[in-house]
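Here the protein sequences line up with chains A and B, keeping their order.
Residue numbering for the first sequence follows my numbering, starting at 1 and increasing by one per position.
Residue numbering for the second sequence follows my numbering, starting at 182 and increasing by one per position.
Derived by calculation from the structure, the hints in this document are not laboratory data.
In this text, a Cβ means the ideal position worked out from N, Cα and C, and glycines have one as well.
Simulated crosslink set (DSBU-like; lysine-lysine; CA at most 30 Å straight-line):
1. LYS6(A) / LYS82(A)
2. LYS213(B) / LYS9(A)
3. LYS82(A) / LYS211(B)
4. LYS91(A) / LYS56(A)
5. LYS56(A) / LYS204(B)
6. LYS9(A) / LYS214(B)
7. LYS9(A) / LYS95(A)
8. LYS6(A) / LYS214(B)
9. LYS91(A) / LYS6(A)
10. LYS95(A) / LYS211(B)
11. LYS61(A) / LYS211(B)
12. LYS41(A) / LYS6(A)
13. LYS32(A) / LYS91(A)
14. LYS32(A) / LYS211(B)
From chain A, some residues computed to sit far from chain B (all C-beta separations above 12 Å):
15. SER88
16. ASN127
17. ASN131
18. ASN134
19. LEU143
20. ASP146
21. GLN175
22. LEU177
23. GLU178
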Amino acid sequence: MPVWQKTYKELFADDDNVEFLSVAMDAIYHDKVKQFHQSAKAEFTTLIDTDNSLSKLMGFKVVPNILLINSDGELEYWKFGKADIRNSYYKNLIKRWISREKINILPKDNFINASNQNHQLSLGKFNEYVNTGNLRVNEVRGLELDNMIVRKQLWAKENPEKFYQGNIDSDWQKQNLEKGI
Amino acid sequence: MTTPISVNNDLFDINLIDLNQQKVSLDNYKGKKLCIFMWASW
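Extracted from the complex, chain B is given alone in its bound form:
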């Protein structure tokens, strides 16, 4: 069984930027199922 881990506040408090350098809060994505893929250009 998967044991869910609450990452609620900490994760959704994080601010990232979009491709136009504008701040985006992960809070915008709260309340929906969310798949995040992390990668890098390097």
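Only chain A is shown next, with the shape it has when bound in the complex:
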């Protein structure tokens, strides 16, 4: 988030032709999103996708992601997962896009595919779990094991201390992945 604030100042803040939006895929801990935003002294808008609408529409199962949409509402570029703005590749790409040069890239690694039934079911069940708490966690998790949007939020709900007390516990997450939790 602090790096995006720096990038925002550099690339977006003084350009009226382009908007920058930060969207947090957080169905459960909205207050945590606000904390991240405020601690970065972010001057851009941060919104929260509380029911995973963007993942339902586009089929992605991970973050961080970048979308570049032109003024005609066409998606010109997307990167799902590992879209780290500290990587100069992405920063330069966005810089070129803002300056209206052709990006000349066709993302091949992760085409948008939201038609997968298990993906839709997994997100639907997850939302039901968040809203009602009536479902068994394993019932939700088992539908799409590689959906880290669902899986990590379940981990965070069950074990908030592994996410929100100091640094995120990556070793614990690796163990969970190995165990299929």
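Take the given structure of chain A and dock chain B to it, following the hints.
Below, chain B without anything else, positioned relative to chain A:
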């Protein structure tokens, strides 16, 4: 070459919330170049 994909109606129909829990439609951002960064607190 980039092949643009029209996400017009579906994307801009989506409602999110802001940090004060108020509903915000992505439609508000239609008509401008838009860069969206997606992340999470978890």
